[in-house]
Amino acid sequence: MRLRLLHRGSADHGFVYRTLYTCPKVMTTIRPPLTDEAADAAFERICRHNACGLPGHRYWALERRSNGAPIGISGFRRKGDRGEMGILLVADAWRQGFGGETFSALIPHAFDGIGLAHIDVERADDERAAVLWRLLAPYGFHRVPASEPTRVRWTLSHSAWIHRRGGVGIERAVP
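Oh and the sequence shown: position 87 is 107 in my numbering, straight run, nothing missing.
Everything labelled a hint here was simulated from the structure, so no lab data went into it. Model, not experiment: these values are computed from the prediction. Check each hint, because a few of them may be wrong.
[As the list claims (entries may be wrong)] Per label pair, the in silico range of CB-to-CB distance: (1) 180 to 55: 38 to 46 Å; (2) 169 to 56: 28 to 36 Å; (3) 73 to 168: 15 to 23 Å.
Don't be surprised by glycine CBs; every beta carbon is placed ideally from N, CA and C.
Modelling step: build the complete structure from the supplied sequences, incorporating the hints.
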């Protein structure tokens with residue numbers, strides 16, 4: 021699997037974004053699916069974020085290494101020194117290990133590249149939450165109160181991640 025920053029110049033990136041955000045099966049526990057027009061407008065907004073030189077939100081297309089086919093998107097919504105990490109995959113890419121591959125690439129980038137102090141992940145508290153927990157636990161995430169009673173949230177601090185990795189990573193002074 022490869023990660024590429026989403027950009028306007030790629031018809032595949034716009035197509036996979038629209039496909040994901042308008043698909044009832046993918047969106048079932050996230051939010052109501054978007055219309056094509058709303059998905060296209062949202063795609064334009066995230067492409068503007070990616071084109072900005074300042075640290076902020078970042079979104080990547082996930083592509084199959086074998087043929088470059090887009091299979092999903094992932095990203096960080098940044099708020100100060102925290103970033104909420106998310107991933108959406110097309111249904112035929114579920115249960116193939118792409119989630120773990122994505123987290124293995126994005127977590128080091130979040131801490132050592134972007135300089136975040138915390139990564140958060142939140143989703144509906146349903147049967148799929150246990151699958152996500154199995155992906156997150158090896159990195160040192162722990163459960164914290166969620167934004168709503170029907171949701172579950174995990175967080176990982178930079179210091180916990182460094183400790184989990186046996187001290188490997190970029191140490192920073194914490195204010």
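Open item on the list: Check the structure against each numbered hint from earlier and tell me which ones fail, lowest number first.
Closed with: 3
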